[in-house]
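Engineer: Protein chains in written order, with our numbering: chain A, 1 to 393; chain B, 1001 to 1405.
No lab work stands behind these hints, which were simulated from the structure alone. This one's a predicted model, so the numbers in the text were calculated from it and none came from an experiment. Heads up, some of the hints might be wrong.
Stated by the list, open to error - No farther apart than 16 angstroms at their CA atoms in a straight line, the calculated lysine to aspartate or glutamate pairs in the EDC-like style are these:
1) B:Lys1362 - A:Glu259
2) B:Lys1048 - B:Asp1036
3) B:Lys1048 - B:Asp1346
4) A:Lys180 - A:Asp211
5) B:Lys1362 - A:Asp31
6) A:Lys2 - A:Asp31
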Amino acid sequence: MKLLMLGWELPPHNSGGLGVACYHMAKALSDNGVDIDFVLPYSAEHPASEWMRVHASTDVRPRQRAESTLAYTASVGELRKIQAQYIDYVAQLVEDSPPDVIHAHDWLTMEAGMRAKEVSDAPLIVHVHATEFDRSASDNGNPLIHDIEYNGLMMADRIFAVSGITKSIIVQKYGIPADKIEVVHNAVDVSSFVEHEYDRATYRYIEHLRDEGHLVVSVLTRLTVQKGLTHFVRAAARASERYDRMVFLIAGDGEQRDELIALSAELGIADKVYFTGFIRGKQWRDAYSLSDVFVMSSVSEPFGLTALEAAHHDTALIISKQSGVGEVLSHILRYDYWDIDRLADQLVGIATSPALQSSLRIGVHNEYARLSWHDVAQRCLSHYDNLRHGVPA
Amino acid sequence: MTRGITLYLHIHQPWRVRQYSVFDTAHQHDYFAASDGTNRDNRAVFEKVADKSYRPMNDLLETLLERHPDFKVSLSITGVWLEQAEAWAPDIIAQLQRMVATGRVEIVAETYYHSLAFFYSQDEFTRQVQLHRDRIQELFGYQPTAFRNTELAYNDQLAQWADAAGYQTILAEGWDPVLEWRSPNYVYQPAGCDTTRLLLKNYRLSDDVAFRFGNRAWAEYPLDADKYNQWMEAAFAGDAPLVNLFMDYETFGEHQWEDTGIFSFFEHFVARWLASEENTFYTVTQAAQSSEPVGAISMPHTVTWADTERDLTAWLGNSMQHEAMRHLFALEDDVMRSGDLQLIGDWRRLSTSDHVYFMCTKWSNDGDVHAYFSPYDSPYDGFLYFMNALRDIRYRLMQHRSGGW
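All chains, please: the whole structure from these sequences, using the hints.
Structural biologist: Structure below.
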């Protein structure tokens, strides 16, 4: 079977989880014998993706692309130019070599997906990793992007949503019939986690505090309003009132950083909160190993792959009820992102109960690895087949 | 009757903290060691200001001392400035020593570290003042008789401390809401003091030079010696005995660049002023003894020489600044007990008020001044680097305790 997959990034040139998910999904499909053309909006080497045909639809270098993607909420100009070239490229590609199925990831490629469907008449699957409602954490996202999402969802023959939460947003906000949407959770590829020797020296000072009995609570994320971090900091302050031996690692960078710094000072816990700035590689992996508790505090998180990475590193997880990854894990604590009392309770609970902490850690560690991309590929394949052969799902 | 100008210049450079991250804490203890040529690089900054301000202004002051027997000047020189000058520009110290040897240059006492310790720890404040006295004695063979607190941060308590410590003179801002109908151009008695006398900055005439001199948008631009002399005459009208001009030494050549004409303006003004028989210059202690106090002044609330508010909000206005100072001084006893001179010195360098000044978030006109002086991208960055350094101090203390040095 010949699959046209429309994506926006692939490792090592990814700025977030979208590239990782696309990569593993494509890899698992390829392992199942699917012949894949994967289109990207930039031009770069992808040495680990030689098992499929990776197409560069523009000659933009990855770094520029990452910047224009990050900037899209402010100004869509540059991004629209890249998208226009991407669409032209895809139209030509499907004319030369028609696919059996088109699989388009997120609004960034939805227009290209619609165009490809128009040219080739192949069925279109739109895969939603995040909606504009998630990215803006409000009902006031970019109206142009809302339009594109709406059209893409309407035109699609089938929609994959990355979680039940995302599915319900698509139904409620865009009025798409629920039975057109399939929940396809992300998975985790344990072998892709670089085997790494944890280096206690990276965060030596915090490790020192840990040796003295401090609980290390971490968030590893972009510091944006979508991530619910002001609630997290308030909960941290409340928890600290009741249990002093806790430190909070806020790893990552983003436009909310200054606000969070000022807030932690205002709440009198600045000394307990550690801001790493933007980190990757070893510092990133070591941050997981350092953590006793990983919190995903998102206001709206379609999935949240980093939680599975945290589980892999033997960490207890607290996941907001608004984060999709919580749907596939049971050995975790959950709270509504705004419920700082509840989060504070959970933090103090873990800090004061070694039994709770270890059962959470062990429980989720045994559970996360069962989520396999192979299963995701099987589900995709069965939907591809149904679409190709006209059998209603 | 003799009419005197009290020119007092403040010389200071902080040890700026480098971009000191979470990953440096507990690894590197070199908080002040940026060597990237940026405005965090203490040596680069010092050498730049030395060439633009310290050397040319010292030259001019020496010339004026030589040329005019009545010319006098008072200087406050922080210990942290002296450390940097000794390392990178010892010639400037030699020049200052020559000037002090004329007997017409008074050195004013203050905290060695240019800190706000007075508001956090009386013990540490007293120690830092003593350290400064010791250093001034070593370098200049001189025992100061006048006191100024960091940023001219003054209140009645401070004056009473200075009185008890035997200072003849103390300096403060001549701020209208405090003075009400009174003029800054007289000697005053600080409330509750027996011997210490109070000199108040004439901020209008001081700031004409320090802040406005080179500003082309200023209605009085350009300011020349004649015009300034007229304003000075006006200030002395009604038998006022003195005018106190207090400003940063770096006004000359750094805040106001040479091309504004600041040096030749000053040279001409001094000559112009001293051309009249009854005119002179005072050092601060001479000024305070030149006439009897005309009344007592009380400042129960702290007044500084900064910003339009003249309070401490540029240093202690937001919660980051309060947190930084709170955590710094929380370590005081442990740091002192360690007996580790390097550690004590580093901790004290972090007490320098500039560090919290760089965390200021007042984005008014004053905020522009703050941004101009800040070596960091933002106040938030400044705060993080400071806190990371402070944690490292704590780490070093823990190493001491566990004996694992």
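Engineer: Next step is simple, just say for each hint if it's right about the structure.
Structural biologist: Against the structure, the hints come out as follows:
For the hint linking B:Lys1362 to A:Glu259, the alpha-carbon distance of about 15 angstroms falls within 16 angstroms, and the restraint holds. For the hint linking B:Lys1048 to B:Asp1036, the alpha-carbon distance of about 14 angstroms falls within 16 angstroms, and the restraint holds. With a C-alpha separation of about 24 angstroms, the suggested pairing of B:Lys1048 with B:Asp1346 is violated against the 16 angstroms cut-off. Restraint check: the Cα-Cα separation between A:Lys180 and A:Asp211 comes to about 52 angstroms, which exceeds 16 angstroms; the hinted pair is violated.
This hinted pair does not check out: B:Lys1362 and A:Asp31 have alpha carbons roughly 59 angstroms apart, beyond 16 angstroms. At most 16 angstroms may separate the alpha-carbon atoms for a hinted pair to count; A:Lys2 and A:Asp31 meet this at roughly 13 angstroms.
Figure legend: structure checked against the earlier numbered hints; hints not met, in rising order: 3, 4, 5.
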